[in-house]
Each structure stands twice: as structure tokens, then as C-alpha cells.
Amino acid sequence: MNKVKIGLIGAGSISESHLIAYKANPKVELVAVCDLNEERARDKAERYNIPNVYTDYKELLANKDVDAVSVCTWNNSHAEISIAALRAGKNVLSEKPLCKTVDEALKVEQAVKETGKFLQVGYVRRHASNIAVLKKFIDAGDLGDIYFAKASLIRRLGNPGGWFADKERSGGGPLIDIGVHVIDLCWYLMGRPKVKSVSGNTYNKLGNRSHIEHYDFYKAADYDASLNTVEDMANALIRFENGASIMVDVSFSLHAKNESTVINIYGDKGGAEIEPKLSIATERHNTIINIDPQITSPGFDFQGAFYNETSHFVDCCLGLNETNSPVEDGVEMIKILNAVYQSAAEGREIQF
8 MNKVKIGLIG AGSISESHLI AYKANPKVEL VAVCDLNEER ARDKAERYNI
58 PNVYTDYKEL LANKDVDAVS VCTWNNSHAE ISIAALRAGK NVLSEKPLCK
108 TVDEALKVEQ AVKETGKFLQ VGYVRRHASN IAVLKKFIDA GDLGDIYFAK
158 ASLIRRLGNP GGWFADKERS GGGPLIDIGV HVIDLCWYLM GRPKVKSVSG
208 NTYNKLGNRS HIEHYDFYKA ADYDASLNTV EDMANALIRF ENGASIMVDV
258 SFSLHAKNES TVINIYGDKG GAEIEPKLSI ATERHNTIIN IDPQITSPGF
308 DFQGAFYNET SHFVDCCLGL NETNSPVEDG VEMIKILNAV YQSAAEGREI
358 QF
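Read left to right, the sequence shown gives residues 8 to 359 (the working numbering).
Incorrect hints may have been included.
What the hints assert, rightly or not - Computed list of lysine-lysine pairs in DSS-like fashion (alpha-carbon distance at most 30 Å, straight line):
#, residue 1, residue 2
1, K342, K212
2, K65, K51
3, K212, K226
4, K226, K51
5, K264, K212
6, K342, K114
7, K284, K264
8, K201, K264
9, K157, K342
10, K201, K120
11, K51, K124
12, K114, K203
13, K174, K142
14, K143, K174
15, K342, K120
16, K71, K51
17, K142, K65
18, K12, K157
19, K71, K30
20, K143, K203
21, K34, K120
22, K157, K212
23, K142, K212
24, K203, K226
25, K71, K120
26, K120, K65
27, K65, K124
28, K124, K10
29, K342, K124
As the list claims (entries may be wrong) - Label pairs and their in silico Cβ distance ranges:
#, residue 1, residue 2, range
30, G354, N249, 18 to 28 Å
31, P33, D149, 46 to 56 Å
32, F359, L234, 46 to 56 Å
33, N331, N249, 13 to 23 Å
34, I298, Y154, 41 to 51 Å
35, S204, N331, 18 to 28 Å
36, D110, P300, 35 to 45 Å
Derived by calculation from the structure, the hints in this document are not laboratory data.
Just so you know, even glycine gets a beta-carbon here, dropped at the ideal spot from N, CA and C.
Can you build the whole structure from these sequences, using the hints too?
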């Protein structure tokens with residue numbers, strides 16, 4: 008069996024999900040890992056039996072044994088590293104978001120065109136097993152024309168700190184970190200319509216709330232309670248040329264009673280609740296009915312989705328498939344996210 012030789016760039020928290028998934032794939036050989044923190048890179052190399060360790064990603068890319076890379080670094084380095092990897096002849100799986108700015112996104116897209124290699128954007132929710140089930144219903148026309156989606160991903164206390172809280176490195180807060188997932192998923196299921204306008208709001212009211220006691224939350228590997236330059240919360244209305252729309256609200260920190268993830272899409276023949284678990288609403292014989300698909304993971308299976316995502320990437324590297332998350336989708340999403348931030352800053356709707 009031909010194996011894809013994978014190099015991993017960035018050995019922070021999210022890299023663990025990539026490594027677990029790659030290690031379980033018989034079509035993969037993990038050959039290199041790179042991180043600015045050599046100790047962290049060596050720890051990953053030891054645990055996953057990876058022979059080559061680097062602190063400079065350019066040295067990893069010069070390794071001719073590496074066929075493809077996962078880019079799991081800070082958002083502000085995604086574009087630079089992805090472009091270098093493409094030009095080094097490697098296929099790329101880049102963690103979301105593709106980058107920080109539209110200019111960067113267009114440069115990555117150009118590098119894909121010029122090199123003939125491909126880049127898959129890490130929209131892991133597209134690869135969840137419940138989405139695979141729902142997509143069959145959508146593609147068969149069971150939901151009809153999907154014209155509205157509503158997504159809410161609320162953390163009451165969830166600012167991870169570290170680079171996540173540093174706008175220079177992250178590009179923003181919950182909107183660009185977790186909002187990108189739910190906006191992309193809704194847009195993908197709606198058939199990726201062209202954006203017409205975006206109106207958004209961001210709020211910086213609560214900060215990282217590091218004074219809160221007795222309540223655990225996810226913290227970045229470089230957590231620093233003194234640093235926070237990103238929004239607590241964002242909301243947006245995204246309108247499309249075909250008349251469809253998405254409403255979204257996301258938060259790192261909010262005076263909410265509970266954490267919540269709710270994602271719904273609505274068509275003229277049926278609708279679907281995606282989170283917290285997949286359920287389809289429609290009508291038959293003049294009667295409203297709910298359909299609850301009997302599947303192992305009706306909600307979002309985090310690690311399972313990463314296995315599906317990396318397996319899809321590997322199959323694309325082997326020429327067995329074409330990526331369902333191409334660079335063009337990454338570019339469009341960066342345009343949307345930047346428009347939300349611009350709308351919030353300028354207090355007006357942004358036209359495309």
C-alpha cells in the first residue's frame with residue numbers, strides 16, 4: 008500500500024487531534040514534526056514515534072520524504088507556511104481559518120494555482136458523521152431549497168487565553184475561532200451561495216474573566232490571564248444573492264446560564280436541527296413529522312470528525328478523491344469574517 012508521508016507544523020493543542028487521527032490511518036506514515044518550542048515538538052515525536060524533529064518549518068519542508076503537511080500554527084502564520092509548503096511541492100491541510108486577511112487568502116489561492124498542489128481548509132465539521140447523513144437528505148432534495156440558517160455557539164466562560172486572546176496572532180476572538188466553523192457549515196449545506204451583504208456586531212464587555220473561581224474551561228498551552236485583545240462575543244446577519252440568509256452568534260464570554268451549541272437549517276420542503284443532535288423536520292400527508300436518524304453519533308463527534316477529515320485529505324493526496332474543502336472556500340470565508348469585523352467597527356452593513 009502506498010503511504011502518504013505526513014509532516015506536522017505546530018505542535019500545540021489542536022495538533023493532538025491531527026496526530027491521533029493520522030496514527031490510526033494505515034495509509035499514513037508520520038515522518039516529521041515542527042514547533043518553535045523544541046521540547047513540545049520532541050514530546051510529540053516521542054509519543055507518536057516521529058523520526059524527524061524541527062524548530063524551523065522551512066527545514067521540515069526541505070525534507071524530501073514529506074509528501075504533505077498539516078499546518079496547526081497560530082492564525083497569523085497560516086498563509087506564510089501554507090504558501091511555502093505548496094511551493095515546496097507539498098499538499099496542505101491548513102487548520103481554520105485559512106489566514107487572517109483577504110489579501111493573504113488570495114495569495115494562498117494563487118500559490119495553489121501556480122504549483123498544481125492542493126490545499127484543504129480544516130473545516131472539520133463538514134466531516135462529521137451526522138453531516139454525512141444529512142448531506143444525503145439534502146442532495147436528494149428532501150429539504151428542498153434551503154433559504155435560512157441559524158447558528159449559535161455560546162461559551163459562558165471560554166476565552167482560551169494565550170494566542171487565542173491576542174488579536175495580532177489570532178485575527179480575532181470567537182468569531183474567527185469558533186464562529187468560522189458554524190458559519191462555514193451552514194454555508195456549505197446551503198450550497199455555498201454568493202454573499203450579497205454582511206452586517207455584524209462585536210462586543211468587548213467582559214474580558215477573559217480570569218477572576219472566576221471553581222469553573223473549569225479550556226486553556227491554551229500558552230495561557231496568560233493578563234492578555235486579551237479580542238472580542239467577547241459577536242453576532243452577524245449574512246445575506247446571499249439568492250435571497251438566503253444566515254444568522255449567527257458566538258461567544259467566548261457571556262452572562263449565559265448554560266453553554267450551548269444550536270445549529271439549524273430550513274428549506275421549503277423540510278428543516279434540520281444539526282446540533283445538539285441531528286433531527287429532520289418535514290411533512291407527509293398533511294402532517295408534520297420529525298425524523299430522528301438512528302446513527303452512532305447524532306451530534307458532533309470531535310475526534311471522529313478529525314479522523315474523517317484527515318482520511319479525506321490523505322485520500323486526496325493519493326488521487327482517490329478531490330477535497331470538499333478547497334482553498335476557494337477558505338478565501339470566501341475570510342471575506343465573510345473580515346466583513347463582519349468591518350461592519351462592527353464601522354457600524355454599517357458591508358456590501359459585496
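Hint numbers contradicted by this structure: 8, 13, 14, 17, 18, 23, 24, 31, 32 and 34
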